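J.: Line by line, the protein sequences are chains R and V.
The numbering of the first sequence is our numbering, which starts it at 5 and goes up by one.
The numbering of the second sequence is our numbering, which starts it at -15 and goes up by one.
To be clear, the hints were calculated from the coordinates, so they are not data collected in a lab.
The structure displayed is predicted, hence computed values, not measured ones.
Interface residues of chain V toward chain R, partial, derived using beta-carbon atoms under 7 Å:
1. 118
2. 120
3. 143
4. 186
5. 187
6. 188
7. 254
8. 264
9. 265
10. 324
11. 326
12. 327
13. 329
14. 349
15. 356
16. 357
Every residue gets a Cβ at the ideal spot worked out from N, C-alpha and C, and that includes glycine.
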Amino acid sequence: MQQSFFLGEDQRIFRESLARWLEENWSVRERQRHGAEDPGFSREAWKGLAEIGALGAFLPEEAGGAGGGGLELMIAMEAFGRALFASPFLSSVPLASPLLSAGGRQAQALLEKIAGGAAIVTVALTEPRGRYDLNHVETRAERRGKGYRLSGTKRGVPYAAAADWIVLPARSSGEAREGHGITLFLVEAGRKDLSLRSHTTADGGRAADLDLRALAAEESDVLGEPGKGLELLQRAVDLAILAQCAEAVGAMRKLQESTVAYAKTREQFGQTLGSFQALQHRMVDMFAAAESSASRVQAALARITGPASPVDPRDAILTKLYVDKAARFVGQEAVQIHGGMGMTDDLDVGHHFKRLSMMALTFADQGKLDERYRDLQGSRP
Amino acid sequence: MEAFDTTDDRAFRHEIRAFFRESLPEDVRRTVMTGLPTGREMADRWHKVMLAKGWAAPTWPKEHGGTGWSLKRQYIFEQERVAAWAPGPLIFNIDMVGPLFIRYGTPAQNARFLPRVLSGEDHWCQGFSEPGSGSDLASLKCRAVRKGDRYVINGAKIWQTAVYESDMMFGLFRTDSSGRKQQGISVLVLPLASKGLSLRPILLLDGIERVAQCTFEDVEVPVENLIGEENQGWSIAKYLLTLERLGIAEVGASRACLGRLKTLAGAEIRGNEPLLLEPTLLKEIADVEADLDALEATEYRFLFDPQSNGELGPESSILKIQGTLIRQRLTELTMRVAGPFAQETATDLPSSAPDEARSFAAWATRHYFNFRKISIYGGSNEIQRNIVAKAVLGL
Chain R
5 MQQSFFLGED QRIFRESLAR WLEENWSVRE RQRHGAEDPG FSREAWKGLA EIGALGAFLP
65 EEAGGAGGGG LELMIAMEAF GRALFASPFL SSVPLASPLL SAGGRQAQAL LEKIAGGAAI
125 VTVALTEPRG RYDLNHVETR AERRGKGYRL SGTKRGVPYA AAADWIVLPA RSSGEAREGH
185 GITLFLVEAG RKDLSLRSHT TADGGRAADL DLRALAAEES DVLGEPGKGL ELLQRAVDLA
245 ILAQCAEAVG AMRKLQESTV AYAKTREQFG QTLGSFQALQ HRMVDMFAAA ESSASRVQAA
305 LARITGPASP VDPRDAILTK LYVDKAARFV GQEAVQIHGG MGMTDDLDVG HHFKRLSMMA
365 LTFADQGKLD ERYRDLQGSR P
Chain V
-15 MEAFDTTDDR AFRHEIRAFF RESLPEDVRR TVMTGLPTGR EMADRWHKVM LAKGWAAPTW
45 PKEHGGTGWS LKRQYIFEQE RVAAWAPGPL IFNIDMVGPL FIRYGTPAQN ARFLPRVLSG
105 EDHWCQGFSE PGSGSDLASL KCRAVRKGDR YVINGAKIWQ TAVYESDMMF GLFRTDSSGR
165 KQQGISVLVL PLASKGLSLR PILLLDGIER VAQCTFEDVE VPVENLIGEE NQGWSIAKYL
225 LTLERLGIAE VGASRACLGR LKTLAGAEIR GNEPLLLEPT LLKEIADVEA DLDALEATEY
285 RFLFDPQSNG ELGPESSILK IQGTLIRQRL TELTMRVAGP FAQETATDLP SSAPDEARSF
345 AAWATRHYFN FRKISIYGGS NEIQRNIVAK AVLGL
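This is chain R alone, in the form it adopts within the complex (with noise of 0.2 Å):
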């Protein structure tokens, strides 16, 4: 199917829409009063999202979902960063639902459920020394009978204490860096093999650390082939960074707008501070950074048919290299032009701030895009 560029009717609808639903139901008080205790998020807002239909947007029609593209995840993903709303929707839909898809008929159900707000699925990725290896799986599922016991170690795994599934990478075979021999498991929550110790992250989200402990796992809880989790982990993390990327273009059009907004009325000097031509370059050069962030997104993402589809991971590589450097300038410029008054907690500047500076250390740094990009190299010259 030849993919569009550009929103049609539909998903200007679909964007429009979301952006009131978000404006009548969320705000940053909501996100900080959520993100002190598990769950960490809004069920009742969740449920207000799945009705208007936002959860499932991106999901096939077959799994409840209106069966929408790459778009329709920006559109979303987008939303949620302008209005900083807080929620699993990131690790749920874009990071699980190509890892859902690979898997069985359970696997198939869960997306059901996910569109219909019935469910919530996150992925833990992080090793406590892994940093962002995928390849870097120390926690074994060794073979018992039919089935395996999965020990080790997760950090940071997002909205863990509220999901009701989780996805565990373990290694059946071979050593903690090698390529080969992860299998991907899906596993019901709230089991006595599974510990977890849940916080508030920087951010204003819902993180935990995971001890699993034998954990009992059967072969139907394979996610794709059993040693053969890596690169079905990496399509899924590149999704994800480009569904994140799309949420740093809402968090930096907010910043921009709501500095310019600033700079028209805050007066120093007898003159408003918009009026200095030093800060006025300065405000040209976020909106550039965000403007072609957002351009940068779009050209990803809409390349992106579902959650089966494969993703570029020269895409995902350049577009969150792009992003990552937009974002840390987008948010230092905004609070620094804020001034004082953009160091307090009262504002969202300082919250779209955080949100985005944490969002640079998730999936990948700096130093592991440069990596993958120069094996970019190699493998295709």
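Following the hints, position chain V against chain R.
T.: Below, chain V without anything else, positioned relative to chain R:
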């Protein structure tokens, strides 16, 4: 710039270094390392140690209980202090209000206030900025109207740090609005417990530090609390800013942070290599270290040029600009070392070993958030650039 120490300097440096090594309590060191406020109990405890040693007021003359040190010795002391992660002197007491009294106070005022400033019995805070007067400080509106033997203050002040642990305030107040805005400002000192003074807390975006907005409703201050002459407060405020010369570039603090950053990045293993050697990170650390070397040499040149008599001119604003950018960059890179764990928020003091590196790294995120303020307060970097453009480049 240790290479340019004289024999005397070197002996002095070693004396300071040895003292910090022996006398700085571990809990105090760790708190300073996190970059977060020490709190009054800890500040008082450490201040007593410094008082006993005679180093509580490194910048004051001897006759007022200071060290009487030369500028070079003050510089060396500051370097060694931050390298040891020791708390600074009580900043508003020692670096601001003390020098204010020493220069402008009457003998009666000094007898009344100075001993308690030095002893730390009273903690002081500042009252400069107002909700409508930030970068344009001279536009301040908080009014002090003289009625008989008192001033009656009405208005608001904002951004008082550590105000909930303070006893006294020194501030700038509008005593005349008929002329230029810089005229008609006076310095008054008053107890925070004054009737009619109320405080509203403002939480900063790091989620930890609380500053305050102070509202004055008919707060009465006796006229003997006027420091210097009435309506001459602006030149007093400018004098206070010149006192910051030694701290403004924060080279020592950045040097210490750089060292810690390298230690953390060296201890963090990725695959089979220390994270420090990851090309991207190493390049950024090299850049910031190069910037810091250049800043240190510039500061040294500005401070100790025999032809400048130790007077720093408006060009010192570039020290503040470069210094804050470097410090912010270092907090950012430290957060980068924490990587996927930068999200973990620390609400307690870092636990002791075995995971010290990572526990400090988690604090790096708070530190990064909090340190956005340093390019805003004390004359934002935009104001500093205006100063250089006007007063140095003649634009």
